[in-house]
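Participant: So you can see what is in the structure, the chains are spelled out below.
Protein chains: 2
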Amino acid sequence: MDFLEEPIPGVGTYDDFNTIDWVREKSRDRDRHREITNKSKESTWALIHSVSDAFSGWLLMLLIGLFSGSLAGLIDISAHWMTDLKEGICTGGFWFNHEHCCWNSEHVTFEDRDKCPEWNSWSQLIINTDQGAFAYIVNYFMYVLWALLFAFLAVSLVKVFAPYACGSGIPEIKTILSGFIIRGYLGKWTLVIKTITLVLAVSSGLSLGKEGPLVHVACCCGNILCHCFNKYRKNEAKRREVLSAAAAAGVSVAFGAPIGGVLFSLEEVSYYFPLKTLWRSFFAALVAAFTLRSINPFGNSRLVLFYVEFHTPWHLFELVPFIVLGIFGGLWGALFIRTNIAWCRKRKTTQLGKYPVIEVLIVTAITAILAFPNEYTRMSTSELISELFNDCGLLDSSKLCDYENHFNTSKGGELPDRPAGVGVYSAMWQLTLTLILKIVITIFTFGMKIPSGLFIPSMAVGAIAGRLLGVGMEQLAYYHHDWGIFNSWCSQGADCITPGLYAMVGAAACLGGVTRMTVSLVVIMFELTGGLEYIVPLMAAAMTSKWVADALGREGIYDAHIRLNGYPFLEAKEEFAHKTLAMDVMKPRRNDPLLTVLTQDSMTVEDIETIISETTYSGFPVVVSRESQRLVGFVLRRDLIISVENARKKQDGVVSTSIIYFTEHSPPMPPYTPPTLKLRNILDLSPFTVTDLTPMEIVVDIFRKLGLRQCLVTHNGRLLGIITKKDVLKHIAQMANQDPDSILFN
Amino acid sequence: MDFLEEPIPGVGTYDDFNTIDWVREKSRDRDRHREITNKSKESTWALIHSVSDAFSGWLLMLLIGLFSGSLAGLIDISAHWMTDLKEGICTGGFWFNHEHCCWNSEHVTFEDRDKCPEWNSWSQLIINTDQGAFAYIVNYFMYVLWALLFAFLAVSLVKVFAPYACGSGIPEIKTILSGFIIRGYLGKWTLVIKTITLVLAVSSGLSLGKEGPLVHVACCCGNILCHCFNKYRKNEAKRREVLSAAAAAGVSVAFGAPIGGVLFSLEEVSYYFPLKTLWRSFFAALVAAFTLRSINPFGNSRLVLFYVEFHTPWHLFELVPFIVLGIFGGLWGALFIRTNIAWCRKRKTTQLGKYPVIEVLIVTAITAILAFPNEYTRMSTSELISELFNDCGLLDSSKLCDYENHFNTSKGGELPDRPAGVGVYSAMWQLTLTLILKIVITIFTFGMKIPSGLFIPSMAVGAIAGRLLGVGMEQLAYYHHDWGIFNSWCSQGADCITPGLYAMVGAAACLGGVTRMTVSLVVIMFELTGGLEYIVPLMAAAMTSKWVADALGREGIYDAHIRLNGYPFLEAKEEFAHKTLAMDVMKPRRNDPLLTVLTQDSMTVEDIETIISETTYSGFPVVVSRESQRLVGFVLRRDLIISVENARKKQDGVVSTSIIYFTEHSPPMPPYTPPTLKLRNILDLSPFTVTDLTPMEIVVDIFRKLGLRQCLVTHNGRLLGIITKKDVLKHIAQMANQDPDSILFN
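So the protein lines, in turn, are chains S and R. The numbers in the numbering used here rise by one with no breaks, and the one at position 425 of the first sequence is 491. The numbers in the numbering used here rise by one with no breaks, and the one at position 219 of the second sequence is 285.
A couple of the hints might just be wrong.
Note: identical chains are not told apart, hence a pair may lie in one copy or across any two.
To be verified - Taking lysine to aspartate or glutamate and the EDC-like style, the derived pairs with C-alpha atoms no more than 20 Å apart in a straight line are:
1. K342 / D625
2. K653 / E680
3. K771 / D95
4. K771 / E637
5. K771 / E101
What the hints contain is simulated information worked out from the structure, not anything from laboratory work. The structure presented is a predicted model; accordingly, all values stated were derived computationally and were not measured.
Just chain S, with the same shape it has in the complex (with noise of 0.2 Å):
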């Protein structure tokens, strides 16, 4: 009885926390398509099914675009609806946010956007005030309050429901793509309870973003989506080409940047990206992004989160302060990282692990305390960040904008730069402090139990120092103009210096110190601002701080997070720059006993059960004989178990003594010889194998490039050895002074 045409159910496929084949995916994949295409010939209804499974791809594309489009609109609105709750409702409707609310108003002039009478303070609600030292106390109860329910609520939901659904999801995602596989990380309770939760936690009023989550709520989309399709659910390959263009599709929503959503997904998150994908990540990175706009959060039509328009070109002298900006986002990243990675050893290993509630309550709770009493950390983030970026119109009422106004110099239209008013100085010493709780804060809060990204932190504390600096360049060039810095490109009465390009660049500085993106973020940024104009100074900023941050720690944030929780991830953008060779991380060492091997013709189903139940090698290579090592083949423990278990059952006569046989032919038997077993089909014929003098960086090249699992190792053509990637990722850390055994998952 031959196996060969039908396919014994479970053969192929991965258990939990195991690394895909790569090689053995993609071919699957081809066979199909090879099928598909030759059957197509045959009947019109084939040709519609070939026709529409080419097409399904970019249908996937279309619908992971809408959803998270969706998704990201549904969070934005709700994240801003709850965000104000914590300092009042609507009585025109209570779900109505501030600002729609005072839209609906009748009494409300242009000055006092912020102020009708249909929007109530919990004080006015409760004691009917808004004024005096009572109400203030009323509404600062209140807003700790909330932000203490709304986290509590969080951290329950993620505790109870999904693990899973805590954190920013990108160093997972990133392993989840390079190959490893995580049930459930992407699943649809994940989704659910990930969404809720992250609006939740984002209208806490942590010092946390939702930019990073969104990226695995896109994912989560994905990966539901690939099961509408056959070609996409059933090959691990194919779904996690799907997977890199969600990741791209959520950087695209969360910024509203397609093409820097699609490098960030080249750039970050990736491991394999062929250029089919660069093009469908792109449709799904637009698609998603106009979808956003049409449901449009922001309510002004804008695609992109924080819209800024410079008027003022910037002058050489200026990539001075920008460099400078560059190295405390650097300092500040490398910082982060340490002192996060820290703390999260900390919880890991400690008794802090245990009350993940407490904690998340204990930080949320001196976050509010300390926020609310400071208007620029009262108000979200995001606009506070948005805040920062703006150039300051002869319009604008914000402390920021308090300048003391000389409107005879002004020329064309054109604000000159002027000196500071009351409102500024006191901006800066607000500013000053939400800079120092913010660098504090963030350490403690990312990595609790919570949806919680790290972009919008990090971009505020860079636009806070840039802001701080912008204005102090600015007041120094107003004051000194005459100076011999200034006075060839910045007279009396001009407007020189843009304080908020200075936050925007101190922005992509210290995000690129923190995530140690490179043209990605400046093409993000570009998207922010479109004009190319402003290209050089964040190219500037990210380049300083990429090299400052890389100096005092090669890791970003995904990757230490990577490495904090043992994930087998092999970094694909650093070299492997030792002198072993392949035989020194070979298994079997020199003293271990001989490499476990099967022979192709002589085993019977009782050894073959034996060595199965000694072992827990997921794969045995299959050799001529004993004596020759010469290889034929590799044959995976889940195959095999799968295979014995199912002829036992299913095909007659197949007992212990039975022999087991890989060849293409078995020989004639004499009769009254048990039935023997043929087991070809689940043979891989072409196993990977490099000699034992091969250096590891060509061996690690292999593994990377092919996506290997493992393989196998021979000298002058007889089978030595095996590597598997886990003896790679061991041999990689061992290399770098870090504990090899910290690399948990197979």
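Keeping the supplied structure of chain S fixed, place chain R upon it in accordance with the hints.
Facilitator: Coordinates of chain R only, in the frame set by chain S:
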């Protein structure tokens, strides 16, 4: 005597028209890097060396950006001047072009910017009048004469000094980046001659553009600058990283689109594109773009080649005409590729190819004679495109904007749709004729022995078609705004349709049809308009165009030219879809004599010299013994010849009967036997092997991803055969029913 310490000069280099071994090159670079890092701990000087080595890549990028930006500026300025020279000369200074000439004039009004007494047409200079039929004929004659002179100079210079300077260069650059060596293709002579002849060719009025060749020019800069840095001079793989970045810089200056340039390099040109290169390419592209801008060849301080700003959003219904343009673009692309390739094949195989000068002169004469009477063909193609992209404003005086004005219906400064005037109708006719001329003449122009790019002619064809359709739609909407398809969004007196946007979409569609670019195309176009708003129309058109064109023929124009010229290029995008095995492809074939192998310890110098002289293989496997056929390693023919010759010359006592050892230790020899020759140092101890049953799809994948030159085939541990890159390419050609012998080189 041991050779391990002193490398023999020549070992590890490549012959012309050979393929490099990426794995070996990368290993060598890592060794070099390791050595520098180790030394850097010893002395301050070595530390400085190590730091400067690390930064040399960035310095190189800066230089490439500066050089290619400057060259692009120079080419722009010269081409502009020489194009105008065909029509007349400036008496205020012969070095001024028409526009500059009139800038300096005092006798110019805004309406007649182009007319000033300092600018004299040839008829004014020769017969002192600009009026009448005779003057027209004089101008006509001079136009053709200059065109012929420029074309003659261009083709002669190319023919005599640098035959590699012809064409766009992109197919060859793709091949070189994939690992092929063509000496002199990126050399200094090619650079000088290509720069000069590019200006001449563009000025001659032929239907060609300078954008493609600018990529070649930038790559020449990159290659020449590599010689200043040890790290890049000596390593073919590292040099190719630089060339990828240079290609990005080339596109960046061609269109003023740095991000598009990087994506073009990634998507279309490059083969091996690590992320480090992405960031560096971006840097080079940006420096190049800003260098070009500071030279300011267009005199308007704009970064981009065609700056456009549209004022009206597009309506969803307009996707229908956009998709029609996409279909047109796809059809034109497929048609162009077929006819152009057929014509180029004719040129290669018949007498035609022997008279390049006469061919160029005939085509130039026809182009010039047909072009002069029609103002849209007379102007330079990039001017034409800019005019077609332009959205008509109130002050536009061109014929294309000659609408019947109804100022009373305009509201808020916006121009409503208006009925077309006489000028528009006559422009439509002239544009139709231009379209036909461009379509026909471009087919014969691309591939001649002069530098010629395809971007601009393709875009022109699309832009004309788009503008025609756009004006048609506009008039339809004006006269029939009560039709169901219009009345929901286009009321009377509203500005509904922007013909310039149609021109832009058409240009993208045609460019996409010819080159099959996707993301990079859309991003380049996005950088021209600067608004995400118009990405959707562009994307719809580019996608349709690619699908239509792909349905009619899979290859883009560059791939088609690569195949026509038989370059050994292994396409990274196409999946290999056939079910053949390694044993079907490997040499020796079934009935051939056995594989030529060397044994590791039993062959004499004479034996090996015999094998070298009797075979032409570029490398030989080394085995334990002929009987066992167990593989030890692989030795390259070139290295073997150099080493044996070197030993014969320099090593005392090596004679024909000396035994060559590839083993680690040679056994003790009896006295009075000739000294042995140890060649383990030239032996590649980690040759790549696959089993005979490995599917070819996996083998192709390995060749692509690892950049192999050859791969050995084993069966159950015994060496069976060898597959070279050429074998793979031949097999792919055979499977696609093409002539396998068309793979000419290596």
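Participant: If a hint holds in the structure, say so; if it doesn't, say that too.
Facilitator: Here is how each hint holds up against the structure:
no.	hint	in the structure
1	K342 / D625	between (27 Å within a copy, 17 Å between copies)
2	K653 / E680	within (17 Å within a copy, 43 Å between copies)
3	K771 / D95	both (18 Å within a copy, 18 Å between copies)
4	K771 / E637	both (11 Å within a copy, 17 Å between copies)
5	K771 / E101	neither (27 Å within a copy, 26 Å between copies)
When the structure is compared with the earlier hints, a violation turns up for hint 5 alone.
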